[in-house]
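There are 2 protein chains.
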Amino acid sequence: MIEKVCIIGVGLIGSSLAKALKNTDQAKFICGYGRDAARLKKAKELSIIDEYFTEPKEAIINSDIVIIATPVGSYEKVLGEIKPYLKNDTLVTDVGSTKRSVIEAAEKVFGNLPNTFIPAHPIAGKEKSGFEACDGELFVNKKVIITPLENNDDESISRIQNMWEKVGSEVDYMTPESHDELLGMTSHLPHMLAFSLMDYLISQNPSASIYAAGGFKDFSRIASGNAVMWRDICMNNKDEIIAHIKGYQKSLSALSEAIDNEDMEKLESIFSSAKTTRDSWLG
Amino acid sequence: MIEKVCIIGVGLIGSSLAKALKNTDQAKFICGYGRDAARLKKAKELSIIDEYFTEPKEAIINSDIVIIATPVGSYEKVLGEIKPYLKNDTLVTDVGSTKRSVIEAAEKVFGNLPNTFIPAHPIAGKEKSGFEACDGELFVNKKVIITPLENNDDESISRIQNMWEKVGSEVDYMTPESHDELLGMTSHLPHMLAFSLMDYLISQNPSASIYAAGGFKDFSRIASGNAVMWRDICMNNKDEIIAHIKGYQKSLSALSEAIDNEDMEKLESIFSSAKTTRDSWLG
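In order, the protein sequences belong to chains A and B.
Throughout, my numbering is defined as the position within the first sequence, counted from one, plus 60.
Throughout, my numbering is defined as the position within the second sequence, counted from one, plus 60.
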């Protein structure tokens, strides 16, 4: 049982992890730290957190684990605020969608990276944001990627791995670079494509959505994520996202050319491969 | 009550419409016409259709309504096969995803367009194809677009409208040109984007899918449609699809540039607008 957990940023992921930790009897006391006292108060009233603080001192002091769950653009500020109150053995971890930038932020704040900082990223989400969408089962059967630092000791890493496994997740390890390249492709790129599709639709004929079938609705669901969170992801995984967009544009241009050339064989092959690959994932 | 309905192509849409017509007591006798006797036999065994034929004569003769539900690339062939057996008052309609090309195919076969041909398109679908995915509720609360011909009489159009309304759909009217432009944007474009994303992923790292969260899975679902159907849609709405891909690429390039320029304000604005627009659709 962890005595005290502090969750910084009680949004969708922060609140869902708080609930999951409670549901799995992992934490005695969970406090939320953030800027908006009124919202934190509501989260407390909903029993998502046991207490809340808007000053870092009370929030962090005597915490065994601190979990940063704010948009990745805020990490440098957040780490600076909490630094004075961390014990030597307080584990600090996070749920951010980018990992290189998170480690860079920690380097800026701490100089030498503390061996107690364990960067992590649960691959889970929802179209809705905020603790109102809190879901204690959000991490069940989801992957969590830990990108350990060279000086992390095995025991600290194990504690974070155990925490995630107990809420139902499967933990994998990779370098921050691999993480950012991979997630740039499997998560950030599709979101950029969906945002762009909405942008294009709005520029053309926003009311056309009434004639949209499932396909379009799925896209719009993807494109309804939190704007600040996605802005920060773009700023913090810039090169990978741009590279993936460029690569994608080549695929899209090749498809467009095949249509223009009436290359039916190529079209059928692209469409079949997509289906075959997807079916292999499901199987 | 319609005495005899012939459904040409007992796939997802054809079989679902057969079931919906039965569920709503609209048809006394529904036969399926197609090439694959073994599959048609199974559809009959599942009581989706009352009888099946692989020769057009028996299928079409004495039909009150003939519904074409094959990939749009097959229409010229299909219309040529059934033409000799149509009565003067047999209504012919379809469910094809493109409308200009469908009308052109009919013109080629019939010379002057028959006043009994009523082109239509239900905006409904599923990721699965074939009568195995048959769903009698597929059209409930879905739009059906009818693109009437100049010489269609009101009574014939009303009969097709009534048929769709009874299975739960809402019927709208537009020109074939408006239909193809609109659906090119709301349906064909998103599918092309999803197919291209799968194509890009396969070219990069097909096993990455295990690290894909909801966003990517939605995309892959969209990209799992029937390859021949989508090939035919591309060939039959070529110009509109290419134009929409070009327009989309501009939106995507603008987003990529905003990331490259670290234009946080613009990014936040694109992401917020997407969310606001989507929320307005839901509300």
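FYI, nobody ran anything at the bench for these hints, they're computed from the structure.
Small disclaimer: the values here were computed from a predicted structure and weren't measured.
Incorrect hints may have been included.
Since the list gives no way to pick out one identical chain from another, each pair is judged satisfied if it fits inside one copy or across any two copies.
[What the hints assert, rightly or not] Okay, derived cross-link-like pairs now, DSS-like style, lysine-lysine, Cα gap no bigger than 25 Å in a straight line:
#, residue 1, residue 2
1, Lys186, Lys143
2, Lys335, Lys188
3, Lys326, Lys186
4, Lys306, Lys326
5, Lys277, Lys202
6, Lys298, Lys335
7, Lys335, Lys117
8, Lys335, Lys310
Hint by hint, where does the structure go against what was stated? Just the numbers, ascending.
1, 7
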